[in-house]
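Chains as they are written, first to last, in this note's numbering: chain A, 188 to 649; chain B, 155 to 438.
Heads up, a few of these hints could be off.
Straight line, CA to CA, 20 angstroms or less: simulated DMTMM-like cross-link-like pairs of lysine to aspartate or glutamate [claimed, not checked]: (1) K360(A) with E194(B); (2) K535(A) with E412(B); (3) K341(B) with D330(B); (4) K195(B) with D604(A).
Keep in mind the hints are simulated off the structure, nothing from the lab.
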Amino acid sequence: MANKIPRVPVREQDPAVRARNFEEVCYGYNEQEAVLEASRCLNCKKPRCVEACPVSIQIPAFISKVAAGDIKEAARIISQDSSLPAVCGRVCPQETQCEGSCILGVKGEPVAIGKLERFVADWSRQNGVRFADKAPANGIKVAVVGSGPAGLACASDLARWGYDVTVFEVLHKAGGVLQYGIPEFRLPKQEVVEYEVENVRRLGVKIETDVVVGRTVTVDDLFDKEGFKAVFIGSGAGLPKFMGIPGENLNGVFSANEFLTRNNLMHGYDPTYDTPVFSGRRSVIVGGGNVAMDAARTALRLGSEVTVVYRRTEKELPARVEEVHHAKEEGIEFRLLTNPVEILGDEKGWVRGIRCIRMELGEPDESGRRSPVPVPGSEFEIETDTVIMSLGTSPNPMIARSTPGLETNRRGCLIADEDGATTRPMVFAGGDAVTGAATVILAMGAGRRAAAAIHKALQSEK
Amino acid sequence: MYKILRKKFLTPAICLMDVLAPRVAQSAQPGQFLIVRAGEKNERIPLTICDYNREEGSVTIVTQLVGASTRIICSYEAGESFADVVGPLGQPSEFIHLSPEELSHSRYLFIAGGLGTAPVYPQVKYLHQAGAKVDVIIGARNKDLVILEEEMRAVSDHLYICTDDGSYGEKGLVTDIMGRLLDSGEKYDQAVAIGPMIMMKFVTLKGRQYGIPLIVSLNTLMVDGTGMCGACRVTIAGKTRFACVDGPEFNAYDVDFEEAMRRQGMYRDIEKEKDHQCHIGLHQ
Chain A
188 MANKIPRVPV REQDPAVRAR NFEEVCYGYN EQEAVLEASR CLNCKKPRCV EACPVSIQIP
248 AFISKVAAGD IKEAARIISQ DSSLPAVCGR VCPQETQCEG SCILGVKGEP VAIGKLERFV
308 ADWSRQNGVR FADKAPANGI KVAVVGSGPA GLACASDLAR WGYDVTVFEV LHKAGGVLQY
368 GIPEFRLPKQ EVVEYEVENV RRLGVKIETD VVVGRTVTVD DLFDKEGFKA VFIGSGAGLP
428 KFMGIPGENL NGVFSANEFL TRNNLMHGYD PTYDTPVFSG RRSVIVGGGN VAMDAARTAL
488 RLGSEVTVVY RRTEKELPAR VEEVHHAKEE GIEFRLLTNP VEILGDEKGW VRGIRCIRME
548 LGEPDESGRR SPVPVPGSEF EIETDTVIMS LGTSPNPMIA RSTPGLETNR RGCLIADEDG
608 ATTRPMVFAG GDAVTGAATV ILAMGAGRRA AAAIHKALQS EK
Chain B
155 MYKILRKKFL TPAICLMDVL APRVAQSAQP GQFLIVRAGE KNERIPLTIC DYNREEGSVT
215 IVTQLVGAST RIICSYEAGE SFADVVGPLG QPSEFIHLSP EELSHSRYLF IAGGLGTAPV
275 YPQVKYLHQA GAKVDVIIGA RNKDLVILEE EMRAVSDHLY ICTDDGSYGE KGLVTDIMGR
335 LLDSGEKYDQ AVAIGPMIMM KFVTLKGRQY GIPLIVSLNT LMVDGTGMCG ACRVTIAGKT
395 RFACVDGPEF NAYDVDFEEA MRRQGMYRDI EKEKDHQCHI GLHQ
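Based on the provided sequences and hints, a complete structural model is requested.
This is the structure in structure tokens:
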């Protein structure tokens, strides 16, 4: 029986070594390992994994090709639904999506779908296999705002259907959060991100960097002056949140966005780049999401001792289990049920410590999670010279404010329906700009749905 | 890539460049800024927009040699190209929302310190062309840091120049001239000060004595310039604001200058170290 084979473990860089470098943590499967792992798949008639995949990759179909050793065909199957498989194979929360639904997971370990996707994508790259099938050009211009996962997914589908797509990116490199947010040791920039962005370009998508939609051009300009017939907004959630506690503007307090952007997009960790990065002797990261783990592990690699402070328990940590596990292996300390109340400064205005209060879990709130409440009189100080605030992000208001008729909700998210249609005709949106900070794959799913809706709307206009 | 069309040194330490950036030139307004990244491994540096030519598609930037990054920008020659020019960023000056009728009855006082003369120029030019009355005070440490005098004279009603050491114009500080003008009964609807943080702080103290409406433009640290990083956060009337998207111009009396000055120096030691390494690397 195929399912008697245990899940094939994936090789990783030794924690003690990787804690001091920026090279990739996970090595991925080799062909032999991949074929063996693929042989575990039951090839279900009604695959629950496909239903659980936000972009509906034909999972059993590609896995059966891997099991048969036809990696090229496996790659072709994936390419029909995803233009970023090497990215998703690395950063998707498979445990709550495809692998979380795998029938093998009921009694044992699910098929390592993510690692198999990654293997196929890496193999394609290493063997120069690319798929750029597309319909003949129809000459209809569509603009995509933001070159992150939502924008790239939307642009890829539209380009395949023959549209003339231009993506506008505010930063100097395409990829959005894949470039500025996720660190090199989880997602190699040149090897993986730039290669997959290049694949999108090869579909005929034009990417114009350094364009601030809302300042350099407006959405109205795109329609009225540049002849675009539809606009997709995938501008993400880039605005960092702060706690509003005393001392937050002291020198040595950073948003995770700043800290990660300096390191990822601006290569601050690489001495051949000019970017200065402040890496303290000791860093306290406030928050428990994936971004907090990324910031913590980056600070560690820059030579800092790192403590993560989170107000609930380990069970509620929003970060992926794998990320928390990796962080712990590398020597990051977790102070759970702990919440900062004040950041303390020295006489020159630099951080010298952070005052926290212990928390306990009280009654469940409307989200069903037990809300943390402070334990009176339990305040204590942690000595530190760096504090990195990783409390989540919200959408940048610049586009909504500069686009008449484009409405947002109370949290600043663009209002859009299931297909991405906004309150403004022919303007669609998806990803974090609509949902608030979420995952790469959900953004890609939203980008694809919006692409389909744009296609439908433009075809009915004819 | 963004080609440098023309380059000239206004003084030995201040360089003016016209750079081809059609999209930025098309939408730039007084009060806004841009970000330049010279080459692949260089930093993103916020610079003021000194002028823009929509027909040519060019923007004029003025850079003072103060550290490694600005030295790299100034080392580019006409004909070469910058990797990135991003903008326009920030909110335009409030007066662009005023009607020509309102502007033609207004009187402005600008106080420019050193390199701050560059961002003051497009504001004065705009107001002058709109029929407003504009007086300008330019202050600098010494003669070598006085820039754009003729250009400014052409668009202002009165131009006053002072240097700390008296090497050009009158000897003294911008606040001396400002005080003298206000003492002598000159009336302005709005004053605007742009220059080093410390100058803006003292102009603000002076302005408070006279109760004159005053705007300052904050040149904070930035990475992206679009609200993403929060490096530029400043405290305005007790609340945290981002200079890149909420500013760069703010009501001077609301600004926490002490904090702004401290935050501006956050990377100074690291940059000095980097700058030092740069020299070691050069075979000169």
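Status of the hints after comparison with the structure:
Using a Cα cut-off of 20 angstroms, the hinted pair K360(A) and E194(B) holds, with the two alpha carbons roughly 11 angstroms apart. With a C-alpha separation of about 11 angstroms, the suggested pairing of K535(A) with E412(B) holds against the 20 angstroms cut-off. Restraint check: the Cα-Cα separation between K341(B) and D330(B) comes to about 16 angstroms, which is no more than 20 angstroms; the hinted pair holds. With a C-alpha separation of about 41 angstroms, the suggested pair K195(B) and D604(A) falls outside the 20 angstroms cut-off, and the hint is violated.
Hint 4 from the earlier list is the only one contradicted by this structure; the remaining hints agree with it.
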